[in-house]
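Number of protein chains: 2
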Amino acid sequence: MNCKQLFLNIKNKKSFLCIGLDTDIQKIPSFLLKYKNPEFEFNKLVVDATARYVIAYKPNIAFYESNGPDGWRSLELTISYIKKKYPDIFLIADAKRGDIENTSRMYAKTFFDTIEFDAVTVSPYMGKDSLLPFLKYKDKWIAVLALTSNQGAEDFQFLNTRQNERIFETIIRRSKDWGSINNIMYVVGATKASILAMIREIIPDHFILVPGIGAQGGSLKEVVKYGKNKNLGLIVNSSRSIIYADNTELFAETAGSKAKETQNEMNILLKQNNII
Amino acid sequence: MNCKQLFLNIKNKKSFLCIGLDTDIQKIPSFLLKYKNPEFEFNKLVVDATARYVIAYKPNIAFYESNGPDGWRSLELTISYIKKKYPDIFLIADAKRGDIENTSRMYAKTFFDTIEFDAVTVSPYMGKDSLLPFLKYKDKWIAVLALTSNQGAEDFQFLNTRQNERIFETIIRRSKDWGSINNIMYVVGATKASILAMIREIIPDHFILVPGIGAQGGSLKEVVKYGKNKNLGLIVNSSRSIIYADNTELFAETAGSKAKETQNEMNILLKQNNII
Chain E
605 MNCKQLFLNI KNKKSFLCIG LDTDIQKIPS FLLKYKNPEF EFNKLVVDAT
655 ARYVIAYKPN IAFYESNGPD GWRSLELTIS YIKKKYPDIF LIADAKRGDI
705 ENTSRMYAKT FFDTIEFDAV TVSPYMGKDS LLPFLKYKDK WIAVLALTSN
755 QGAEDFQFLN TRQNERIFET IIRRSKDWGS INNIMYVVGA TKASILAMIR
805 EIIPDHFILV PGIGAQGGSL KEVVKYGKNK NLGLIVNSSR SIIYADNTEL
855 FAETAGSKAK ETQNEMNILL KQNNII
Chain H
605 MNCKQLFLNI KNKKSFLCIG LDTDIQKIPS FLLKYKNPEF EFNKLVVDAT
655 ARYVIAYKPN IAFYESNGPD GWRSLELTIS YIKKKYPDIF LIADAKRGDI
705 ENTSRMYAKT FFDTIEFDAV TVSPYMGKDS LLPFLKYKDK WIAVLALTSN
755 QGAEDFQFLN TRQNERIFET IIRRSKDWGS INNIMYVVGA TKASILAMIR
805 EIIPDHFILV PGIGAQGGSL KEVVKYGKNK NLGLIVNSSR SIIYADNTEL
855 FAETAGSKAK ETQNEMNILL KQNNII
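Protein chains in written order, with my numbering: chain E, 605 to 880; chain H, 605 to 880.
Honestly, the hints are just simulated from the structure, not real lab data.
Positions of the beta carbon are idealized from the N, C-alpha and C atoms, including for glycine.
Where hints are given, some of them may not hold.
[Unchecked claim] 27 Å max Cα-Cα, derived BS3-like pairs, lysine-lysine:
#	chain 1	residue 1	chain 2	residue 2
1	H	K687	H	K864
2	E	K713	H	K631
3	H	K740	E	K732
4	H	K732	H	K688
5	E	K713	H	K713
6	H	K631	E	K740
7	H	K875	E	K631
8	E	K713	H	K648
9	E	K640	E	K618
10	H	K713	H	K615
11	E	K638	H	K638
12	H	K713	E	K631
13	E	K732	H	K640
14	E	K744	H	K648
15	H	K615	E	K631
16	H	K640	E	K640
17	E	K732	E	K608
18	E	K688	E	K864
19	E	K713	H	K640
20	H	K608	H	K713
21	E	K648	H	K713
22	E	K687	E	K713
23	H	K688	H	K640
24	H	K740	E	K631
25	E	K689	E	K608
26	E	K631	H	K687
27	H	K638	E	K713
28	E	K640	H	K744
29	E	K742	H	K631
30	H	K742	H	K631
[As the list claims (entries may be wrong)] Under 8 Å between C-beta atoms, here's a sample of chain H residues computed to sit facing chain E:
#	residue
31	I704
32	P728
33	R778
Just chain E, same shape as in the assembly (with noise of 0.2 Å):
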């Protein structure tokens, strides 16, 4: 899927919505436990609860794999089943991998080999050589993790270099002509949503993936105002908010009017911004 696949998806969904599926076993409602893979069957009843209302979908990893090789199994299930069922939709693993050249290659078999993501988040502390394997895969993405949401995200992501320029922008400025708007996306934290101006400047044309809307306390008509270019350049993501907004046997149902509620406001914004 490129840039315009993806922005048609937006047009066509009047959406910018994704959905991280951090699947806690803990979490899900307890009738589900009785399955092998539990995370499995709540994912499908929250997909097809919800699909008709987002652009992508983004499991995090470390929640399959704190299950072992039964947590894995459950991601591969969930990322066949979407793909079979609704093959326009953007598949993010949240993975935030990232390793010298020779271990990268490995990562990106893992994301888009075994399973067949369309994109994986990672980590840019290594540098290109570590960037670079994923993005020798045709139509694959990485997203790059620029500026993130959480509090941590001051320690060392704010850093001022001697170039005058704080270390999440250096990252971007540099990485950004490693690859292209059709395989590049970055991770802006929707807390820090007036940053996202001064982003947009050093990259007008690629997307941005916003995670932290919802739980995590991000507005999304701010993210809106300061993130979108011409073509929107957004996939707004929102997890647990969603997910976990019901623990009885209705979640699903639950979800899927969160959703909606989500995919309302994000197509008044659509029109209110003359996107669509």
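Once you have looked at the hints, place chain H on chain E.
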């Protein structure tokens, strides 16, 4: 295991060698492919041939997860096998993880509960709250990426801050007090041996995990010269040059000889430097 016990193991074994289990299904001898968990079969033979010469093993998680659930099962089997048969050996998950607190907690669960590693390598980019969940575990360690051995290390790790420090220095200086010398060590590539002396000044008492000996070209003598402290404070890793030294049915025997050779060299360096 604490700092003192690690040093005790170094003295007992007259070795500070860690073998990286970068077990690649494409590279292991083909006769192993008939097993359900070929990576485990390979590791078991390598471990039995090398355990007497090493103080640590470091499976590289990318190589296991690229094979999905079966790869993760091989990883689990490897760790259980080593823990049972060689309980003194320190087990490092080379995973380069790190995410918001809620997610890092799941990664810590993966590598400290689900699979009982002693340590996990982590990426510091997301700051303090991304590392603290790992530090809550008693007797477990993080190995924080400081200065890596790849070319891409030049891209961001060497950036100068306005405080006239390079990023990797700031990371070490700030993070060292988030835990103690008993649960934080730092990853510093052997290809930058002369910088080890400067890093030693910032962290005189911490262990440093040094990858990059062997296939990546670092020199053991230089590493000890510049990186040692009074208790050595070094764990030196070698992966490919030991485990893939021989591709025949005798691979384990050859790995054993290579490990013995390195341990001999380490024994001499430990004596020359009055560490033992």
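These are the hints, each one checked on the structure:
Among the hinted pairs, K687/H with K864/H is consistent with the structure: their alpha-carbon atoms are about 21 Å apart, no more than 27 Å. Under the criterion of a C-alpha separation no larger than 27 Å, the hint pairing K713/E with K631/H is consistent with the structure, at around 15 Å. Restraint check for K740/H and K732/E: the C-alpha separation of about 33 Å exceeds 27 Å, so the hint is violated. With a C-alpha separation of about 34 Å, the suggested pairing of K732/H with K688/H is violated against the 27 Å cut-off.
For the suggested pair K713/E and K713/H, the alpha carbons sit about 24 Å apart, so the restraint of at most 27 Å is met. Note on K631/H and K740/E: the hinted pairing holds, with a Cα-Cα distance of about 21 Å set against a maximum of 27 Å. Under the criterion of a C-alpha separation no larger than 27 Å, the hint pairing K875/H with K631/E is inconsistent with the structure, at around 55 Å. For a cut-off of 27 Å, the pair hint linking K713/E to K648/H stands: about 25 Å separates their Cα positions.
Proposed proximity of K640/E and K618/E is contradicted: the alpha carbons are some 36 Å apart, above 27 Å. Between K713/H and K615/H, the direct Cα distance comes to roughly 31 Å. Violation of the 27 Å bound is thereby established for this hinted pair. Between the alpha carbons of K638/E and K638/H the distance comes to roughly 33 Å, so the proposed pair goes past 27 Å and is violated. Annotation: proposed proximity of K713/H to K631/E holds, straight-line Cα distance about 15 Å (limit 27 Å).
At roughly 36 Å between alpha-carbon atoms, K732/E and K640/H are farther apart than 27 Å, so this suggested pair is violated. Using a Cα cut-off of 27 Å, the hinted pair K744/E and K648/H is violated, with the two alpha carbons roughly 36 Å apart. Distance check on the hinted pair: K615/H and K631/E sit about 46 Å apart at the alpha-carbon level, beyond 27 Å; violated. Our distance criterion of 27 Å between C-alpha atoms is met by K640/H and K640/E, whose separation comes to about 21 Å.
In summary, the hint linking K732/E to K608/E is supported, as the alpha carbons are separated by about 25 Å, within the 27 Å threshold. Between the alpha carbons of K688/E and K864/E the distance comes to roughly 22 Å, so the proposed pair stays at or under 27 Å and holds. For the proposed pair K713/E and K640/H, the alpha carbon gap of about 20 Å is at most 27 Å, so the pair holds. Restraint check for K608/H and K713/H: the C-alpha separation of about 25 Å stays at or below 27 Å, so the hint holds.
At roughly 25 Å between alpha-carbon atoms, K648/E and K713/H fall within 27 Å of each other, so this suggested pair holds. Of the supplied pair hints, the one linking K687/E and K713/E holds, its CA atoms being roughly 18 Å apart against a limit of 27 Å. A hinted pair counts as satisfied when its Cα atoms are at most 27 Å apart, and K688/H with K640/H qualifies at roughly 21 Å. As the CA atoms of K740/H and K631/E are separated by approximately 21 Å, the hinted pair is consistent with the 27 Å bound.
Proximity of K689/E to K608/E is assessed by CA-CA distance (about 22 Å); at most 27 Å being required, the pair is judged to hold. Proposed proximity of K631/E and K687/H is contradicted: the alpha carbons are some 31 Å apart, above 27 Å. Restraint check for K638/H and K713/E: satisfied, since their Cα atoms lie roughly 22 Å apart, inside the 27 Å limit. Proposed proximity of K640/E and K744/H is contradicted: the alpha carbons are some 30 Å apart, above 27 Å.
Among the hinted pairs, K742/E with K631/H is consistent with the structure: their alpha-carbon atoms are about 25 Å apart, no more than 27 Å. Taking the CA atoms of K742/H and K631/H, the gap is near 37 Å; set against the 27 Å cutoff, the hint is violated. At its closest, the beta carbon of I704/H sits 4 Å from a beta carbon of chain E; the interface hint therefore holds under the 8 Å criterion. Interface restraint check: P728/H against chain E, minimum CB-CB distance 6 Å, threshold 8 Å, status holds.
Checking R778/H against chain E: minimum C-beta separation of about 6 Å stays under 8 Å; hint holds.
The structure is inconsistent with the numbered hints 3, 4, 7, 9, 10, 11, 13, 14, 15, 26, 28 and 30, although it conforms to all the rest.
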